Amino acid sequence: METEPEPGPGPVTEVEMEKDMRRTNIRESRTSEESNPCAICLGPIIQESFLDKCFHKFCYNCIMQWTKVVSGKHSLKLASVKCPLCKVENFSIIHGFVGSSFQQSYINQDFGYGFVLSKAHKYRLQCYYTEPGLLSDIFSVSSYWKSHKYLHPNRWLHTWLRREIQTLMQEEDVGIVVHHICGVIDSFQTKSKQQPKRNKPEAKSEEFRSLISDAARPFLAARTDLFVSEVELFLASGLNIEAYDAVYKQRLGWSSPGETSESTQGETSELRTVIPYLFTFDEDSDGTD
Amino acid sequence: MMIVEFTVFSTFKFVAVKLSEVIKQQNNAAELFSVKASRARLFKEFKEVQREKVADPDIQLSCDDNNIFKWTALVKGPSETPFEGGIFQLAFAVPEQYPLQPPQVRFLTKIFHPNVHFKTGEICLDILKNAWSPAWTLQSVCRAIIALMAHPEPDSPLNCDSGNLLRSGDIRGYQSMARMYTRLAAMPKKG
Chain Z
1 METEPEPGPG PVTEVEMEKD MRRTNIRESR TSEESNPCAI CLGPIIQESF LDKCFHKFCY
61 NCIMQWTKVV SGKHSLKLAS VKCPLCKVEN FSIIHGFVGS SFQQSYINQD FGYGFVLSKA
121 HKYRLQCYYT EPGLLSDIFS VSSYWKSHKY LHPNRWLHTW LRREIQTLMQ EEDVGIVVHH
181 ICGVIDSFQT KSKQQPKRNK PEAKSEEFRS LISDAARPFL AARTDLFVSE VELFLASGLN
241 IEAYDAVYKQ RLGWSSPGET SESTQGETSE LRTVIPYLFT FDEDSDGTD
Chain B
290 MMIVEFTVFS TFKFVAVKLS EVIKQQNNAA ELFSVKASRA RLFKEFKEVQ REKVADPDIQ
350 LSCDDNNIFK WTALVKGPSE TPFEGGIFQL AFAVPEQYPL QPPQVRFLTK IFHPNVHFKT
410 GEICLDILKN AWSPAWTLQS VCRAIIALMA HPEPDSPLNC DSGNLLRSGD IRGYQSMARM
470 YTRLAAMPKK G
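So the sequence lines, in the order shown, correspond to chains Z and B. Okay, so the first sequence: first residue is 1 according to the numbering used here, each after it adds one. Okay, so the second sequence: first residue is 290 according to the numbering used here, each after it adds one.
One chain only, chain Z, in its complex shape (with noise of 0.2 Å):
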């Protein structure tokens, strides 16, 4: 079957080959944006994405349906993607470029059963693109360092860490993500239990911070620092997830209504603004620090 020698619609002879410049030539002649279609519909680039190999560009549409017709050929969930025109493969589709963000679509996931961020999640999405120190009035980091806290275990940190970090990666199965965190805030309260107030409350807090970051940052990259912001936040309010969720929400001006204090009001026009997407692999991303 293997008939033809060169892969890609590229030029047979030598004689191809030169007619082939001379169409070239005759291409780049024409406006811009004629001169480099999209391989697929052969049109202007719409909503220009790119192949995280080859970086080769196309119209979201074109290559996502290309996508999708090459994963439904095969029963097993594909992790890759020939590039139509030079056949590397690919895992992922880059697109949606809103300043130097981002979107990231991966062959593997987005294909096959694909992880739909739930309600919970979206709002978990939108506290990252908040103000820092949103809720710093309610819960005091400060004294949860001071009062030791930090030596009882949070019973919903397992859950709540696992939605944090589905939230933030965008995909469903970070059990193992969630299992090394846990493993990192363990061995730190026992370690803690050890050797009992020797250190500052200020130098303990900078002590976890730096161990949860460290932990967390191959995952999340760019994200990182706000998360370690909100596991201590979570712990510091020694809440359960839904009474956080409860407390997070009002401030955010997502219900409670009735309840709602002045701040809300100067941060619900904000909010609405930003967009629900991430810039995980962009660490000079704007909202990290």
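Accuracy of the hints is not assured; some may be wrong.
Stated by the list, open to error - One-sided and incomplete, this derived list gives chain B residues near chain Z with beta-carbon spacing under 8 Å:
1. Ser323
2. Ala326
3. Arg330
4. Glu334
5. Pro388
6. Leu389
7. Gln393
As the list claims (entries may be wrong) - The calculated lysine-lysine pairs, modelled on DSBU-like cross-linking and capped at a C-alpha distance of 30 Å, are:
8. Lys57(Z) / Lys418(B)
9. Lys73(Z) / Lys365(B)
10. Lys325(B) / Lys82(Z)
11. Lys87(Z) / Lys73(Z)
12. Lys87(Z) / Lys399(B)
13. Lys365(B) / Lys336(B)
14. Lys333(B) / Lys77(Z)
15. Lys359(B) / Lys68(Z)
16. Lys87(Z) / Lys333(B)
17. Lys87(Z) / Lys418(B)
18. Lys73(Z) / Lys359(B)
19. Lys418(B) / Lys77(Z)
20. Lys333(B) / Lys82(Z)
To be verified - Short derived list, chain B residues pointing at chain Z, Cβ under 7 Å:
21. Lys333
22. Ser422
23. Ala424
24. Gly462
Worth flagging that the hints you see were computed from the coordinates, not collected in a lab. Quick caveat: nothing in here was measured; it's all calculated off a predicted structure. Ideal Cβ positions, reconstructed from N, Cα and C, are used throughout, including at glycine.
Guided by the hints, dock chain B onto chain Z, whose structure is given.
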């Protein structure tokens, strides 16, 4: 009740019969959109072909007057092959999901080639089957077929007689047979 069911079924079948084999999880709306998209793409190719007619003298692609999914091509037999001097006609049946699915191409002109079925004209070419990529165009498929004519692949034959001649090393036998059929079928009749 039966009639309604039948109508719904046959309409659905008309739109989606081929697509459903390939795209399992797509809904009807997406399929209809895909037909529109393939029409638009074929129209772009049509315009490009009009523009390039002079650029590639070996290929003459034309579209059926009333159906943009039916095309024919006249390709020149490559030089220094037994097909030199012949003009071969190809028929393209483009699926409604093109370019997500490859066009079906066959030779209308009889040709003695290991990878072309002698009776039906069916072509055994990977890019028309599982190695298809939507970046190919009807024009570039023609170029690939010309390349296949110049470089037969006797190990995956559709025409066993032709393949066996090449595999047994009887190049002269293969060439003279192929040349004979080129003269008989692909050249204008003299007189």
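Okay, the hints, checked on the actual structure:
no., hint, result
1, Ser323, "holds, 7 Å"
2, Ala326, "holds, 6 Å"
3, Arg330, "holds, 5 Å"
4, Glu334, "holds, 7 Å"
5, Pro388, "holds, 6 Å"
6, Leu389, "holds, 5 Å"
7, Gln393, "violated, 16 Å"
8, Lys57(Z) / Lys418(B), "holds, 24 Å"
9, Lys73(Z) / Lys365(B), "violated, 35 Å"
10, Lys325(B) / Lys82(Z), "holds, 25 Å"
11, Lys87(Z) / Lys73(Z), "holds, 17 Å"
12, Lys87(Z) / Lys399(B), "violated, 33 Å"
13, Lys365(B) / Lys336(B), "holds, 22 Å"
14, Lys333(B) / Lys77(Z), "violated, 34 Å"
15, Lys359(B) / Lys68(Z), "holds, 26 Å"
16, Lys87(Z) / Lys333(B), "holds, 24 Å"
17, Lys87(Z) / Lys418(B), "holds, 15 Å"
18, Lys73(Z) / Lys359(B), "holds, 26 Å"
19, Lys418(B) / Lys77(Z), "holds, 21 Å"
20, Lys333(B) / Lys82(Z), "holds, 24 Å"
21, Lys333, "holds, 4 Å"
22, Ser422, "holds, 4 Å"
23, Ala424, "holds, 4 Å"
24, Gly462, "violated, 21 Å"
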